Amino acid sequence: METVFDRYLTSGAIIENRGVLRSSYTPDRLLHRSKETNQLAAVLSTAIRGESPSNVLIYGQTGTGKTAVCKFIGKEIDKMNRRAAAKSAKGSKDPVTKAFQGNPVSYVYINCKIVNTTYGVLANIGNRFIKDWSEDVIPFTGWPTEKVYSSIKEKIDEQDGIILIFLDEIDQLCYNSGDDALYFLTGMSTTLKDDKVSIIGISNDLRFNEFLDPKVKSRLGEERITFAPYKANQLADILRQRAKLALVGDAWDEGVIQLCAALAAEENGDARKALDLLRISSELAERAGATTLVEEHVREAQVQIEKDVISQVIGDLPTQQKIVLLAITMEQVAGREKLITGEVYETYNIIARKLNMNVLTPRSISGMISELDMLGICMAKVISKGRYGRTKEIELAVHPNLVQKVLVQDPIFEELLAKGGLGLLRGWRQSRLL
DNA sequence: CATCCACAGGAACTTGGGGGCA
DNA sequence: TGCCCCCAAGTTCCTGTGGATG
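In case it helps, numbering that gives the first Met the number 0 puts the first sequence at residues 0 to 433.
Everything labelled a hint here was simulated from the structure, so no lab data went into it.
The structure presented is a predicted model; accordingly, all values stated were derived computationally and were not measured.
Note that CB positions come from ideal geometry on N, CA and C, so glycine has one too.
Do not take every clue at face value.
Stated by the list, open to error - Below 16 Å or equal to it, Euclidean Cα-Cα: the simulated EDC-like pairs (lysine to aspartate or glutamate) are:
id, residue 1, residue 2
1, K230, E265
2, K384, E413
3, K112, D178
4, K404, E266
5, K404, E392
6, K391, D372
7, K146, D179
8, K230, E266
9, K380, E392
10, K243, D27
11, K384, E342
12, K404, D315
13, K112, D170
14, K78, D27
15, K353, D307
16, K380, E370
17, K243, E15
18, K216, D170
19, K380, E394
20, K353, E414
21, K34, D179
22, K337, D372
What the hints assert, rightly or not - Label pairs and their in silico Cβ distance ranges:
id, residue 1, residue 2, range
23, L244, T290, 16 to 22 Å
24, K154, M373, 54 to 60 Å
25, K74, K214, 30 to 36 Å
26, G420, L244, 43 to 49 Å
27, K380, N37, 44 to 50 Å
Please work from the sequences and hints to get the whole structure.
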C-alpha cells in the first residue's frame, strides 16, 4: 500500500546519503585545512608528551572549518586512545603509543551558545569527565558554583592524563557571564598539582577578549590559530568531496558545484553556506521530481535558504518580542515609514493589551528593538532629532507578509491575525479616539 | 550658546521557577 | 520544611547625549 511518505523515504533519484551534506558531518579527510589541523595538533601534542599544555584560541569567520577541525582532532584522539589501549596488552615499543599511554587524553566539546553560563560550563565538564562518577552527578542547577568548581578540580587532580576543553563560540560565554567561567578554567591549570588542562577556545569575533581580565586574556591566548575564509576553488573541492559520497553518481555535474561554491565564496567563503546550498538544492530537485540537479535548483535554494533563516529566527522569538515585531510591522503596513521608539512602544502597548499579555516597560521594549536590529529583522539607527530628543529610527528589514506568515502560526497571534490581518491598526486608533 | 527633549543604554535589583541539602 | 543556590526575564534607577531651538 502506498503512503504519502513513500516518495520521500525511498532512496531518492538524487540524494543517496543526506547526512553527508550536513555541515555537522565530519569527513575522514578535511580538505584545505591541513595547515590549521597540523598547527593545532602540534600544540596539543606537547600536552600529550606530558609537558604543560598551552591554551589555544582559534579565530575565523563562520564556515571556515574551526569546529570541523576541532571535531576532527577529537576523532583522532579517540583513535589514539584505542590504539594505545589495544597495544598496551602486548607491551608496545611504539614511541607514539608509549607517550600516549603515559598521558591518556580526554576531551569535552562544549558549545557556549547553548551552555552559556559559568555554572553550566563547569557542570558540563564535571558530568562528562569524571570517570568514577555516575552520570550527571552535578545537577543543572542547585549547587553553589564554587562547589562545582572545587569538586571537579579535586577529581581531575586525582585522575591521570590530559584534559582538553573545547569551548566553541567562547565569545557567547563572555557576553553572557563575563570572564568568570574563563577565570575559573584558566585558574584551574595553575592551581592543580600538575598542569593538565588545556582550553581550546573557538571564536569568530576577533575582539571578544578585549575586556577580559588581563590575566585570563594572556593565559587564554598563549597560542593563536587563525582560519582564513575558503576560496571559491577550495569550496568547490569540498563540495565535490561531499557530492561524491552523498549524491547519485550521474545526477550532478561540475556546473552545479561551481555555482554553489561561487555563491558561498561571495558570503565570506562560508563552507556551511556552500553545503546548505548543495543540500537544499538537491532536496528541491528531488521534490520537484527531477532526476538531475541543475543550476536553476541552486538559485531556488538560495532564495529558499534566505527565507527559511528569517522565518526560523522570527518563529523562535519570545512572545513579547514577537509583539514588538508585530507593532513595527503593523505601523509599517499602515503607511509609517520610519518609526521612533516611543511610537513603537505605544503600538506595542495596544497590541499587548488586545492579546491580554503583560505590558512591559519602555526600557524592556527599547532593548528588544535593539535585539531585533541585531538579528537583522529590523533596522534601528540611533539618531538625534535635536530639540525633540534622541531616539532610534526603526524600519522593518523583512517583508511584512513574511512576518504575518510566521506569526500566524503562533497560537497567541492566530486569532488576531486571522481576523484582521496586519491592517487592524487604523480601526483601533479610531475607536480609541471615539 | 546654553538648554532641553526623548530617549539610549549600563547596572543593580526583583521576581519566579528551577533545584540541593539537613 | 526552611534556607541555600542558580538563572532568565524584567524593572527601577540612573547618567549620558546630538543637535534644533529660543
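Hint check results:
Straight-line distance between C-alpha atoms of K230 and E265 comes to about 9 Å, which keeps the hinted pair within the 16 Å bound. With a CA separation close to 37 Å, the supplied pair K384 and E413 exceeds the 16 Å bound. Between K112 and D178, the direct Cα distance comes to roughly 15 Å. Compliance with the 16 Å bound is thereby established for this hinted pair. With a C-alpha separation of about 27 Å, the suggested pair K404 and E266 falls outside the 16 Å cut-off, and the hint is violated.
For the hint linking K404 to E392, the alpha-carbon distance of about 25 Å lies beyond 16 Å, and the restraint is violated. Between the alpha carbons of K391 and D372 the distance comes to roughly 11 Å, so the proposed pair stays at or under 16 Å and holds. As the CA atoms of K146 and D179 are separated by approximately 14 Å, the hinted pair is consistent with the 16 Å bound. Between the alpha carbons of K230 and E266 the distance comes to roughly 11 Å, so the proposed pair stays at or under 16 Å and holds.
For the proposed pair K380 and E392, the alpha carbon gap of about 5 Å is at most 16 Å, so the pair holds. Only pairs whose Cα atoms come within 16 Å are accepted, and K243 paired with D27 is accepted, the gap being roughly 14 Å. Annotation: proposed proximity of K384 to E342 holds, straight-line Cα distance about 14 Å (limit 16 Å). Restraint check: the Cα-Cα separation between K404 and D315 comes to about 14 Å, which is no more than 16 Å; the hinted pair holds.
As the CA atoms of K112 and D170 are separated by approximately 9 Å, the hinted pair is consistent with the 16 Å bound. With a C-alpha separation of about 12 Å, the suggested pair K78 and D27 falls inside the 16 Å cut-off, and the hint holds. Only pairs whose Cα atoms come within 16 Å are accepted, and K353 paired with D307 is rejected, the gap being roughly 29 Å. With a C-alpha separation of about 12 Å, the suggested pair K380 and E370 falls inside the 16 Å cut-off, and the hint holds.
Taken as a hint, the K243 and E15 pair is honoured in the structure, with Cα atoms around 10 Å apart against an allowance of 16 Å. Between K216 and D170 the CA atoms are separated by roughly 12 Å; this keeps the pair inside 16 Å, and the hint holds. Restraint check for K380 and E394: satisfied, since their Cα atoms lie roughly 9 Å apart, inside the 16 Å limit. At roughly 11 Å between alpha-carbon atoms, K353 and E414 fall within 16 Å of each other, so this suggested pair holds.
About 33 Å separates the Cα atoms of K34 and D179, which puts this hinted pair outside 16 Å; it is violated. For the hint pairing K337 with D372, the CA-to-CA distance comes to about 14 Å; that is within 16 Å, so the pair holds. Between L244 and T290 the beta carbons are some 19 Å apart, a value that agrees with the proposed interval 16 to 22 Å. Take K154 and M373: their Cβ atoms lie about 39 Å apart, and the range 54 to 60 Å is violated.
Against the hinted window of 30 to 36 Å, the Cβ-Cβ separation of K74 and K214 comes to about 33 Å, which satisfies the hint. Taken as a hint, the range 43 to 49 Å holds for the pair G420 and L244, whose Cβ atoms sit roughly 47 Å apart. Hint check: K380 to N37, Cβ distance near 45 Å, so the stated range 44 to 50 Å holds.
Checked against the numbered hints given earlier, the structure breaks hints 2, 4, 5, 15, 21, 24 and satisfies all the rest.
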